[in-house]
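Asks: Based on the provided sequences and hints, a complete structural model is requested.
Residue numbers (our numbering), protein chains in the order written: chain A, 2 to 317; chain B, 363 to 916.
For the record, the hints were derived by calculation from the structure and aren't laboratory data. A virtual CB, placed ideally from N, CA and C, is assigned to each residue, including glycine.
So the derived list for chain A, only partly shown, Cβ under 8 Å to chain B, looks like this: (1) I23; (2) Y30; (3) A34; (4) Y52; (5) F65; (6) L70; (7) P78; (8) F86; (9) N97; (10) D148; (11) G167; (12) G191; (13) A195; (14) G293.
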Amino acid sequence: MQQFVNFFTNLFSSASSEAYNINTLFLRYMILAGFIVLLVTSLVIIGAFKYRAKKNTKEPEQVFGNQKLELTWTVLPLLAVTFFFFLTVKTMSEINRPFQKNEKPDIVIIAHQWWWDMRYPKYNVETANELHIPVGKNLLTRIESADVIHDWWVPELGRKIDAVPGRINYTWIDADKPGVYSGTCSEYCGAQHAWMRIRVVAESQNDFNNWIKAQQKIPSFPKDSTAIKGAELFQTKTCANCHYISGTPADASIGPNLTHFASRKTMLSGMLTNTDKNLKRWLKDPQKVKRGAHMPDFLLSKKEVNELASYIEGLK
Amino acid sequence: MSYSLEIPESVNSFPKIRSTNGFLEWISTVDHKLIGIMYLWSALFFLIIGFAEAMLMRIQLAQPQNSFLTPEAYNQIFTMHGTTMIFLVLTPMLIGFATYLLPLMIGANEMAYPRLNAFSFWMFFFGGLLLYFSFLAGGAPNVGWFSYAPLSEKFYSITPGVDYWAMSILIMGIGTIGAGLNFVVTTLTMRAPGLSLTKLPLFVWMVFVNAFLILAAFPVLNAGLVMILIDRLLNAHFFLAATGGSAVIWQHVFWTFGHPEVYILALPAFGIASEVIPVFSRKPIFGYEFVAASTVAIALLSFGVWAHHMFAVGLGTTFNAFFAASSMLIAVPTGVKIFNWIATMWGGSIQFKTSMLFAMAFLIEFTIGGLSGVGFAIVPIDWRLTDTYFVVAHIHYVFIGASLFCGFAAAYYWFPKITGKMLSEKIGKLHFWVFVISFNCTFFVFHILGLLGMPRRVFTYPDLPYLGSLNMFSTISAAVLGISFLMFIWNIFYSLKYGEDAGDNPWNAWTLEWLTSSPPKPKNFNIVPFVKSRRPLWDLNHPEDPDWKRKNKK
Numbered sequence: 002m003q004q005f006v007n008f009f010t011n012l013f014s015s016a017s018s019e020a021y022n023i024n025t026l027f028l029r030y031m032i033l034a035g036f037i038v039l040l041v042t043s044l045v046i047i048g049a050f051k052y053r054a055k056k057n058t059k060e061p062e063q064v065f066g067n068q069k070l071e072l073t074w075t076v077l078p079l080l081a082v083t084f085f086f087f088l089t090v091k092t093m094s095e096i097n098r099p100f101q102k103n104e105k106p107d108i109v110i111i112a113h114q115w116w117w118d119m120r121y122p123k124y125n126v127e128t129a130n131e132l133h134i135p136v137g138k139n140l141l142t143r144i145e146s147a148d149v150i151h152d153w154w155v156p157e158l159g160r161k162i163d164a165v166p167g168r169i170n171y172t173w174i175d176a177d178k179p180g181v182y183s184g185t186c187s188e189y190c191g192a193q194h195a196w197m198r199i200r201v202v203a204e205s206q207n208d209f210n211n212w213i214k215a216q217q218k219i220p221s222f223p224k225d226s227t228a229i230k231g232a233e234l235f236q237t238k239t240c241a242n243c244h245y246i247s248g249t250p251a252d253a254s255i256g257p258n259l260t261h262f263a264s265r266k267t268m269l270s271g272m273l274t275n276t277d278k279n280l281k282r283w284l285k286d287p288q289k290v291k292r293g294a295h296m297p298d299f300l301l302s303k304k305e306v307n308e309l310a311s312y313i314e315g316l317k
Numbered sequence: 363m364s365y366s367l368e369i370p371e372s373v374n375s376f377p378k379i380r381s382t383n384g385f386l387e388w389i390s391t392v393d394h395k396l397i398g399i400m401y402l403w404s405a406l407f408f409l410i411i412g413f414a415e416a417m418l419m420r421i422q423l424a425q426p427q428n429s430f431l432t433p434e435a436y437n438q439i440f441t442m443h444g445t446t447m448i449f450l451v452l453t454p455m456l457i458g459f460a461t462y463l464l465p466l467m468i469g470a471n472e473m474a475y476p477r478l479n480a481f482s483f484w485m486f487f488f489g490g491l492l493l494y495f496s497f498l499a500g501g502a503p504n505v506g507w508f509s510y511a512p513l514s515e516k517f518y519s520i521t522p523g524v525d526y527w528a529m530s531i532l533i534m535g536i537g538t539i540g541a542g543l544n545f546v547v548t549t550l551t552m553r554a555p556g557l558s559l560t561k562l563p564l565f566v567w568m569v570f571v572n573a574f575l576i577l578a579a580f581p582v583l584n585a586g587l588v589m590i591l592i593d594r595l596l597n598a599h600f601f602l603a604a605t606g607g608s609a610v611i612w613q614h615v616f617w618t619f620g621h622p623e624v625y626i627l628a629l630p631a632f633g634i635a636s637e638v639i640p641v642f643s644r645k646p647i648f649g650y651e652f653v654a655a656s657t658v659a660i661a662l663l664s665f666g667v668w669a670h671h672m673f674a675v676g677l678g679t680t681f682n683a684f685f686a687a688s689s690m691l692i693a694v695p696t697g698v699k700i701f702n703w704i705a706t707m708w709g710g711s712i713q714f715k716t717s718m719l720f721a722m723a724f725l726i727e728f729t730i731g732g733l734s735g736v737g738f739a740i741v742p743i744d745w746r747l748t749d750t751y752f753v754v755a756h757i758h759y760v761f762i763g764a765s766l767f768c769g770f771a772a773a774y775y776w777f778p779k780i781t782g783k784m785l786s787e788k789i790g791k792l793h794f795w796v797f798v799i800s801f802n803c804t805f806f807v808f809h810i811l812g813l814l815g816m817p818r819r820v821f822t823y824p825d826l827p828y829l830g831s832l833n834m835f836s837t838i839s840a841a842v843l844g845i846s847f848l849m850f851i852w853n854i855f856y857s858l859k860y861g862e863d864a865g866d867n868p869w870n871a872w873t874l875e876w877l878t879s880s881p882p883k884p885k886n887f888n889i890v891p892f893v894k895s896r897r898p899l900w901d902l903n904h905p906e907d908p909d910w911k912r913k914n915k916k
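Replies: Printed below as a string of structure tokens:
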């Protein structure tokens, strides 16, 4: 029983007022819907037992209708949906709070086939797939897409919102308690739609400031020889054509920003934990690890893989 | 001057395929009954294929991070599953029943346009084959049954799959429009003497209203399909934002068709329930006028609700509120129907034939599916649950809970008329119970998976709490669901061979199709009595208490 209660509360746990409002509305609607399902089920079953054919009975009385009854079950549902329409509009406007036309977004999220580009224009910071936010702040977030339609969805933090090419959408992101919230792309976007997950780290303002400071730093140039080789390879093997590492000539934004790759817990949009072994597997044969991903196989030798990995793992 | 081609009159109810001209007789037939039967067999054939695809998906999803299927294969299979079940199973199943029964139920000997009827069937059939040919031609479509642009554009989907998808659906769509046109004209012009529009059997009424939905909705889809084909084959950019198109337009076009399509698959099912429930309750339908009028209300409203599929696109609160209101309103006429059907049972003398069991289960399953649907009209709930497994649960409770449950009810109800043999009740009841239990076990857990955060259309998922065990449970139940389909097929073949003879009117039903022989001769009726009420056969069998003599029917 306790397990069931825990399960149920987990299902509807929320970490923001938006998510809380959605869940409350959902539970209210569940009460009505549950009642109707129960009513219909019991009417069908009771009716079936009560009026089952008995042996050798004649035809029952032929009743053709009853307008009063029928009007009743037309008007009652009408009242119920009117009530829920009112709640719908109310909750919608609570969730989509207005903002100033010229207000600068706190976060810009650009969805790509199959990763998330996350930018903090006010701090000039860019990261990927793992969003850090300070607790208790309402953050205006702009959502865009670089290719096909994606959808931003972190259930505990509120509504989902599509990332549509050619459109700019805004939503609010906030968390009222610290924690790690997991989400995912929720609009089918191609081969690796399943591995386009989101990790949101909500932390105290202090921790957030520290994180921002660390992200703003230019990573120091590697010292050990393997990593130095890796840094050279990164520029010569055309990794730099797609990726960004601040302080180096690599300044493209086709693939994820790798400036502080090693500070992330996961890689490939939440597909794998960020470990040495996984990174090497990925560099060795990207198509084997995440089929369809847009990183080509560079046919790197084992030595080259080790060197590149050593360099990237130093990007803290 | 008019030309007429000499077409030899067919003399057999069922030309034997192996007889001299049997095969030719089938493929050249313009008899609505044979065409209806071909629709139904094709629907069953594609049901098996669509189910096999579903099973492959369930095996892949049985465990987290399973590698049974590659993502490319999985994405092709889920697209083909959805497209198959909607366009190649449910649509032909319901059109098949309508093609077979509509003329019989209005006392006609043929459809208004017999050759158009045959054309419609073959367009559907070859469209289906063309769709499956894509597997051999470089890859099946892999962008989902609603094929959202720009993912469906050449740049993001380079295999010819989407081209095959668009062309085959275009071809099938033309066939479906032909069928819709035929239903409208047949109902308007071929009714038996005395059978006014207000006396139509409810199945005919709903097929009639439905035909208008087909005529209005499918051309929109076809226009969209032509646009996507021009984009893909001629490098235009209707739906490419980068070059001035709009990805959102595709969604508007598709759902302007897509939502009425849901009702196109539901209304004939409602019609079936409106025939089956009264007959097995031994009472007329409760509130004929309300049931008939609510059908028209649903049909009209269905064209004003499409954007409830687009609440997450970010089109603004006012826009969303309008479509929330219109979508919620549809719940009202639908609810009216449910309660009218229950009231029909109430006070009756209910016979628990397999057909009736399916119809009664439909009332409950469809209530669940309908209510989760209203949930999606409540915009904030949609913002949490759209594109998750909750939607997958919802569509299966509607498409199986309404369309397929009623399809089975219709199969058990009209099989005796179509073949002259009764389907075995023993196997039928086993089929029913296995089906109803495994269906609920398979799909109910999807609601919970959606709430847990599992998006739809993923080829795999991370090993988060409960996801693995719930998916495994669903996969096992789906396998049992497959067994229930086998029972149904077994029942058909068993009963065709060993079934009891049906006689003209085994259920003691009241509509005109039960007046003629089972199976009907190539010419359906020699004489049709003057129709004086909605239940002509009741009047014939109860000369002392006919419906048309009742003064206060209320």
